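Trainee: Chains A and B are the protein sequences, given in the same order.
Residues 1 to 124 (our numbering) make up the first sequence, in order.
Residues 1001 to 1107 (our numbering) make up the second sequence, in order.
It is worth saying that the hints were derived from the structure and are not from the lab.
Wrong hints could be hidden among the right ones.
As the list claims (entries may be wrong) - To be clear about the criterion: a stretch of chain B counts as covered by chain A if any three or more of its residues have a C-beta under 8 Å from a C-beta of chain A, and this derived list gives those stretches:
#1 1031-1038
#2 1043-1053
#3 1091-1097
As the list claims (entries may be wrong) - Here are the simulated DSSO-like pairs of lysine-lysine, each with C-alpha atoms no more than 30 Å apart in a straight line:
#4 A:62 with B:1092
#5 A:47 with B:1038
#6 A:47 with B:1103
#7 A:47 with B:1039
#8 A:47 with B:1092
#9 A:47 with B:1042
#10 A:47 with B:1045
#11 B:1092 with B:1039
#12 B:1042 with B:1092
#13 B:1045 with A:62
#14 B:1039 with A:62
#15 B:1042 with B:1103
#16 B:1107 with B:1045
#17 B:1092 with B:1045
#18 B:1039 with B:1103
#19 A:62 with A:47
#20 B:1042 with B:1107
#21 A:62 with B:1107
#22 B:1107 with B:1039
#23 B:1107 with A:47
#24 B:1038 with A:62
Predicted, not measured: the structure shown is a model, and the values here were computed from it.
A virtual CB, placed ideally from N, CA and C, is assigned to each residue, including glycine.
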Amino acid sequence: DVQLVESGGGLIQPGGSRTLSCSFSGSVSTFTFTHLWMTWVRQAPGKGLEWVANINQGGSEKYYVDSVRGRFTISRDNANNFLYLQMSSLRVDDTAIYYCARGGTASSWFWEDWGQGTRVTVSA
Amino acid sequence: DIQMTQSPSTLSAYVGDRVTMTCRASQSISNSLAWYQKKPGKAPKILIYEASRLEGGVPSRFSGSGSGTEFTLTISNLQPDDFATYYCQQYKSYSITFGPGTKVDIK
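Modelling step: build the complete structure from the supplied sequences, incorporating the hints.
Mentor: Right, here's the structure in full:
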């Protein structure tokens, strides 16, 4: 079983920065964090799900939704089983619950385990 | 980017009903489609991947079908726990997109 726990959310002023963290514990069959694609997905208030960013096992491949590219950076610490999302130049429309989720070993990007989310509010 | 649409946006049904919802992609995505259930205050839960493969632990009353640009999620014998919003997601493109969701509520 896999457990994902996000942290780092809060109230941030427009233009500010924040780093979200996601701790990973457990395994998927014989696969551990280092074998798995990871992602961040968000849900703004009253809106649907929006994919934010992906990262591959070694961190060499990263993909972003257009609206955050250049402002957000996804990264991972495989030694300590952490996923991160560094957010900068935050805008009011970045307000959302941010979820981390894990994929598989291949680049089939569906997400089988999810954290409970961390709330980010961008407001003056 | 591949655009995803879902219909209907809201679906009202009784417990015990069979319900079907549709997801369409703006271009062919083969079978690179997943379905998720989302309840308020809860994390999304995957139901189906590769358009028709049931995720482990998901009740067999959920089923998915389709390929190319048109997909369906069917819930047979709707249960009280199934009232939620359902999202499709394509992963054919590296720019992943979700549909806007279909909300299933109690009639």
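Trainee: Work down the list of hints and note, for each, if the structure agrees.
Mentor: Evaluated hints:
no., hint, in the structure
1, 1031-1038, "holds (count 4)"
2, 1043-1053, "holds (count 6)"
3, 1091-1097, "holds (count 5)"
4, A:62 with B:1092, "holds (16 Å)"
5, A:47 with B:1038, "holds (12 Å)"
6, A:47 with B:1103, "holds (12 Å)"
7, A:47 with B:1039, "holds (13 Å)"
8, A:47 with B:1092, "holds (23 Å)"
9, A:47 with B:1042, "holds (14 Å)"
10, A:47 with B:1045, "holds (17 Å)"
11, B:1092 with B:1039, "holds (26 Å)"
12, B:1042 with B:1092, "holds (26 Å)"
13, B:1045 with A:62, "holds (24 Å)"
14, B:1039 with A:62, "holds (29 Å)"
15, B:1042 with B:1103, "holds (15 Å)"
16, B:1107 with B:1045, "holds (23 Å)"
17, B:1092 with B:1045, "holds (20 Å)"
18, B:1039 with B:1103, "holds (10 Å)"
19, A:62 with A:47, "holds (25 Å)"
20, B:1042 with B:1107, "holds (23 Å)"
21, A:62 with B:1107, "violated (44 Å)"
22, B:1107 with B:1039, "holds (17 Å)"
23, B:1107 with A:47, "holds (23 Å)"
24, B:1038 with A:62, "holds (26 Å)"
Of the numbered hints given earlier, the model fails hint 21 alone.
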